[in-house]
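Visitor: Protein chains in written order, with this note's numbering: chain A, 1 to 211; chain B, 1 to 211; chain C, 1 to 330; chain D, 1 to 330.
None of these hints come from the bench; they were simulated from the model.
Just to be clear, a hint being listed does not mean it is correct.
Within a straight-line C-alpha distance of at most 16 Å, the following computed EDC-like cross-link-like pairs (lysine to aspartate or glutamate) qualify [unchecked claim]:
#1 C:Lys-32 <-> C:Asp-9
#2 D:Lys-330 <-> C:Asp-324
#3 A:Lys-153 <-> A:Glu-60
#4 D:Lys-330 <-> C:Asp-25
#5 C:Lys-32 <-> B:Glu-75
#6 C:Lys-227 <-> C:Asp-209
Far from chain D by the CB rule (all over 12 Å, computed), these chain A residues [unchecked claim]:
#7 Asn-14
#8 Val-19
#9 Glu-29
#10 Leu-99
#11 Gln-100
#12 Ala-105
#13 Ser-109
#14 Thr-130
#15 Gln-157
#16 Thr-164
#17 Ser-181
#18 Ser-187
#19 Ile-205
Glycine included, each C-beta is placed from N, C-alpha and C at the ideal position.
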Amino acid sequence: MSTLSKAELFQMLNHMAEVIIENEVPFCELDAVAGDGDFGMSIAKGFKVLMAQWETLNRESIGEFLADCSMVISENCGGASGPIWGAGFKGASKATTGLQSLTKAEFASMLESAAELIQKRGKANRGDKTLLDALLPCVDALNAHKSDENSFKMFLQTGAMAATEGAEATKKMIASRGRASYVGERSLEFPDAGAMALSIIFTAISGQVLD
Amino acid sequence: MSTLSKAELFQMLNHMAEVIIENEVPFCELDAVAGDGDFGMSIAKGFKVLMAQWETLNRESIGEFLADCSMVISENCGGASGPIWGAGFKGASKATTGLQSLTKAEFASMLESAAELIQKRGKANRGDKTLLDALLPCVDALNAHKSDENSFKMFLQTGAMAATEGAEATKKMIASRGRASYVGERSLEFPDAGAMALSIIFTAISGQVLD
Amino acid sequence: MKKIINQTDDIVIQMGKGMALAHPDKIEFEEKYKIFKRKTINPKKVALISGGGSGHEPAHAGYVGTGMLDAAVAGDVFASPSSVQVYHAIKQVTGEAGCLLIVKNYSGDCMNFDTAAEMAEEDDLKVLSVYVNDDVAVKDSLYTIGRRGVAGTVLVEKIAGAAAERGDSLENVQLLAQKTIEQVKSIGVALTSCTVPAKGTPTFDLGSDEIEFGVGIHGEPGIERRKSMTSHALAVEMLDLLIGELGLTDEDEIVVMVNGLGGTPLQELYVFNHDVRAILSSKNIHVYDTLVGNYMTAIDMAGLSLTVLKLTDELKALYDAPADTIAYHK
Amino acid sequence: MKKIINQTDDIVIQMGKGMALAHPDKIEFEEKYKIFKRKTINPKKVALISGGGSGHEPAHAGYVGTGMLDAAVAGDVFASPSSVQVYHAIKQVTGEAGCLLIVKNYSGDCMNFDTAAEMAEEDDLKVLSVYVNDDVAVKDSLYTIGRRGVAGTVLVEKIAGAAAERGDSLENVQLLAQKTIEQVKSIGVALTSCTVPAKGTPTFDLGSDEIEFGVGIHGEPGIERRKSMTSHALAVEMLDLLIGELGLTDEDEIVVMVNGLGGTPLQELYVFNHDVRAILSSKNIHVYDTLVGNYMTAIDMAGLSLTVLKLTDELKALYDAPADTIAYHK
Ligand SMILES: Nc1ncnc2c1ncn2[C@@H]1O[C@H](COP(=O)(O)OP(=O)(O)O)[C@@H](O)[C@H]1O
Ligand SMILES: Nc1ncnc2c1ncn2[C@@H]1O[C@H](COP(=O)(O)OP(=O)(O)O)[C@@H](O)[C@H]1O
Ligand SMILES: [Mg+2]
Ligand SMILES: [Mg+2]
Ligand SMILES: [Mg+2]
Ligand SMILES: [Mg+2]
Chain A
1 MSTLSKAELF QMLNHMAEVI IENEVPFCEL DAVAGDGDFG MSIAKGFKVL MAQWETLNRE
61 SIGEFLADCS MVISENCGGA SGPIWGAGFK GASKATTGLQ SLTKAEFASM LESAAELIQK
121 RGKANRGDKT LLDALLPCVD ALNAHKSDEN SFKMFLQTGA MAATEGAEAT KKMIASRGRA
181 SYVGERSLEF PDAGAMALSI IFTAISGQVL D
Chain B
1 MSTLSKAELF QMLNHMAEVI IENEVPFCEL DAVAGDGDFG MSIAKGFKVL MAQWETLNRE
61 SIGEFLADCS MVISENCGGA SGPIWGAGFK GASKATTGLQ SLTKAEFASM LESAAELIQK
121 RGKANRGDKT LLDALLPCVD ALNAHKSDEN SFKMFLQTGA MAATEGAEAT KKMIASRGRA
181 SYVGERSLEF PDAGAMALSI IFTAISGQVL D
Chain C
1 MKKIINQTDD IVIQMGKGMA LAHPDKIEFE EKYKIFKRKT INPKKVALIS GGGSGHEPAH
61 AGYVGTGMLD AAVAGDVFAS PSSVQVYHAI KQVTGEAGCL LIVKNYSGDC MNFDTAAEMA
121 EEDDLKVLSV YVNDDVAVKD SLYTIGRRGV AGTVLVEKIA GAAAERGDSL ENVQLLAQKT
181 IEQVKSIGVA LTSCTVPAKG TPTFDLGSDE IEFGVGIHGE PGIERRKSMT SHALAVEMLD
241 LLIGELGLTD EDEIVVMVNG LGGTPLQELY VFNHDVRAIL SSKNIHVYDT LVGNYMTAID
301 MAGLSLTVLK LTDELKALYD APADTIAYHK
Chain D
1 MKKIINQTDD IVIQMGKGMA LAHPDKIEFE EKYKIFKRKT INPKKVALIS GGGSGHEPAH
61 AGYVGTGMLD AAVAGDVFAS PSSVQVYHAI KQVTGEAGCL LIVKNYSGDC MNFDTAAEMA
121 EEDDLKVLSV YVNDDVAVKD SLYTIGRRGV AGTVLVEKIA GAAAERGDSL ENVQLLAQKT
181 IEQVKSIGVA LTSCTVPAKG TPTFDLGSDE IEFGVGIHGE PGIERRKSMT SHALAVEMLD
241 LLIGELGLTD EDEIVVMVNG LGGTPLQELY VFNHDVRAIL SSKNIHVYDT LVGNYMTAID
301 MAGLSLTVLK LTDELKALYD APADTIAYHK
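Chain A with its partners taken away, still in its complex shape (with noise of 0.2 Å):
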């Protein structure tokens, strides 16, 4: 398989959302540590919305169906994550407009479109401890890998490990954004809430794309 057909992208976003809701206690104490321990909560709170909104949205093409979720992302999601996520689907959408598969490729350019929303609204670079250091690194393994012979599956994990070991790499880090900027030194030893979400997010979801 190279391509990710509509079908797929939509069974794989139900996916996420799964596993975004399913984490929402996890996702809270991860925050809890230099945050202020709602990030489960608010990024979960979202995807309920989504999910109930399910068999409403837009099918026309994956970035259509994108756009729709990025406009209830931005109005569920509680905290820095409605913008954040919304703009992430946002920018996702605007890079599949009309889109009915997905290359690796494109799969790879969706990917980074989302990342540069998410930059510009939340002003975050990398290094500043966000969900964005375990994106970035994904988004890099993506492009590097786009053209591999591989399965799309193994393409997809490639890009999971890269946001697990960016994840990783938050806890040597001092926030600078969001809440656990405040405290400084303190966030150190402990990684982003959100870098580990999509760490954890990703590996789900590309376990369960088939071969």
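With chain A fixed as given, assemble chains B, C and D with the ligands onto it according to the hints.
Guide: This is chains B, C and D with the ligands only, laid out in the frame that chain A set:
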């Protein structure tokens, strides 16, 4: 020794104050079970002031001294303890006006008069689960033994034993006076704080009297 | 025990001074007898005095001011002020119109306030008393000293205060206070114990899924220990008790007070008020006014009490009168 | 976790309804977008909107009313409201005079309020914003998003509210709000963690003799974990920080706010105020007014924050203006 001198009585009262102050926390704990947990504090507070003003009290006679004590206690013991113990000392003073020493009979009627004024002030009866359930049996025992040939110490120890038995017996009573009365049957199995205090005080001071 | 305090001995004096410093326009604090009083006393009107143990802040100092109390006397934490303290408060604020003592019905408070009244009468002052006993958690029996006074006291102070401000006679102020007492009932529930500073440990222990239903404002035990309940289930039971006691029907108009016990977030009080209103409206009982907040606390206890005052036209007019105190505005 | 609530999902809506039911004369609650607003909007004056995550009650709904806010938008507990919610609040209360958003400086709040402002500008509404950043616990560095907004926000709402009520232009209201922000500093301390209802366990753990010095109003860590201190010692350190930041000298006049974080007994707040005043008076710093109470809470956290506002003549006139809201009267 068959009488208690003025100096000995003052010494005894001084020791009583010490015992009360030392037992501040345990007395609170006794009151916490079914009352509001402040008995030790309330009573210790007045006796601390008494100790501080000790040298300034009127020493002309036992009665005068006890009257001064009563004033300090009424004003400085908190809660129900101010009026109750203040009334007790006032009663004791009434029975000892002008006296320079106490026979056993005089000692017994001093406590009897104390109990009377406590009853008048607090309107409690035997069996209402108050300190009267230690004090009244103590008075009875002292009256029964006031003509015995024993030492003053043995006489007081007889009273202390009766007070202890009386306090013990309050476990089987349902409180109908004081804060514990609000909990009805839930005060069962626990002794009354004031009665227990009286038994502890009486046991301690009778132990210190010289043979 | 973790508390923001200094020596526990001095806590009431430091608190009293801190309070007077924060509200210099409203109250004065006399350290010697721990009396909070209005800046200017009107000797023509009936004076109103309440008080009791400390630890129930803002009660009672928070209710000193126009339309409510003239003075509040503070005992130590959870311990009645002495008769001497109360006597001095009476002396300081009572003029020719006399003075009403609003006493919460605890044996210690009753004995001390009564003795103070006797002392003041010896000085030819006119003193009457009422005893608030709104807590329905306690069985009202001939064999006990009756029911405890809790948060309903604030409403008695409000209504008697309005009558006094209006210029009613001492006898009439007492009568109206008494009528209010007959129409006001409360019930409390604790999620955690309070901790008396001088003792330093919680007064009682509750399991992590237990509540004390019917708790008193000193952490005295209540009706029974229960498993935790939802706000709605609590509201149902508490209202049932109060409606039963007051014999409320769908003709009645009431004031509702949802009172935090000191450690309860306002969030929970409002959630609970939402449940209370849903139940009342299903019974067609009309809510004339609602008070939500910390009115009569038990130091740092988590939990709340619910108070219902059944209005009559007479009481309503007084309830509506203005009041301007630290903790209650109207 | 023991709390008097029902389902945690619905907590903000139930609270909002419970609040509107308790204060029908002061506020309306719109459930769909969780907007609290005044009963009648004056379209001629600059509209003032604040809001943010819930859990800080009475903030911000408690400050909706004459002389303060026109609307408060509520997110979930400790989570910013969405841009869509804020956008609808702007739409509902903004007239020709425009609207000022008073935002506490958190990345989530800033992003959502900014996006809402952009959306409203597309509808030709005039919207400006200020970002409150009074918490001196956080280092103000170029590399972070700056300092957190905490209890000082209430005083910004008071002063901007007075300017708006007076009829000032949007630009002027913004300028005065900004001037207030520059003169107001806060620092908090926690004795216990808060518990977010949806999470159900405390956000952080403190030993039985530990405090979190510099804590945020969401239970975010502060400057450092310390051993417990007396009220006086705490007051010394907290005041030192604030006096240093504001450069206060013995010429200055200030407003002091001693703010309970939700689970703190009023007793402790007043004891602390007593210590604060002793220290200030030793430095000849004049206290113009004092606020003691729960103004900006962190759900059920035990602890307090101290806020100092340095007055200028311009700010004082606005501070003195009347205000009539649920949680603040003047
Ligand atoms: N400016 C930002 N840019 C990118 N990601 C951010 C930014 N601020 C916060 N985040 C991410 O959001 C996560 C926290 O989300 P959440 O807890 O919902 O927000 P809040 O900080 O408002 O409580 C952080 O762990 C971080 O990964
Ligand atoms: N009416 C009364 N007559 C006699 N003793 C009483 C009466 N009421 C209370 N007591 C005694 O006082 C004790 C409680 O004292 P204390 O804790 O100081 O008072 P409070 O009940 O006001 O907290 C009880 O244990 C009981 O022995
Ligand atoms: Mg967070
Ligand atoms: Mg007691
Ligand atoms: Mg007591
Ligand atoms: Mg948050």
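Visitor: If a hint holds in the structure, say so; if it does not, say that too.
Guide: Hint-by-hint comparison with the structure:
no. : hint                    : in the structure
1   : C:Lys-32 <-> C:Asp-9    : holds (14 Å)
2   : D:Lys-330 <-> C:Asp-324 : holds (11 Å)
3   : A:Lys-153 <-> A:Glu-60  : violated (25 Å)
4   : D:Lys-330 <-> C:Asp-25  : holds (12 Å)
5   : C:Lys-32 <-> B:Glu-75   : holds (12 Å)
6   : C:Lys-227 <-> C:Asp-209 : holds (6 Å)
7   : Asn-14                  : holds (21 Å)
8   : Val-19                  : holds (18 Å)
9   : Glu-29                  : violated (8 Å)
10  : Leu-99                  : holds (27 Å)
11  : Gln-100                 : holds (30 Å)
12  : Ala-105                 : holds (31 Å)
13  : Ser-109                 : holds (24 Å)
14  : Thr-130                 : violated (9 Å)
15  : Gln-157                 : holds (32 Å)
16  : Thr-164                 : holds (24 Å)
17  : Ser-181                 : violated (4 Å)
18  : Ser-187                 : violated (9 Å)
19  : Ile-205                 : holds (25 Å)
Checked against the numbered hints above, the structure violates hints 3, 9, 14, 17 and 18; every other hint is satisfied.
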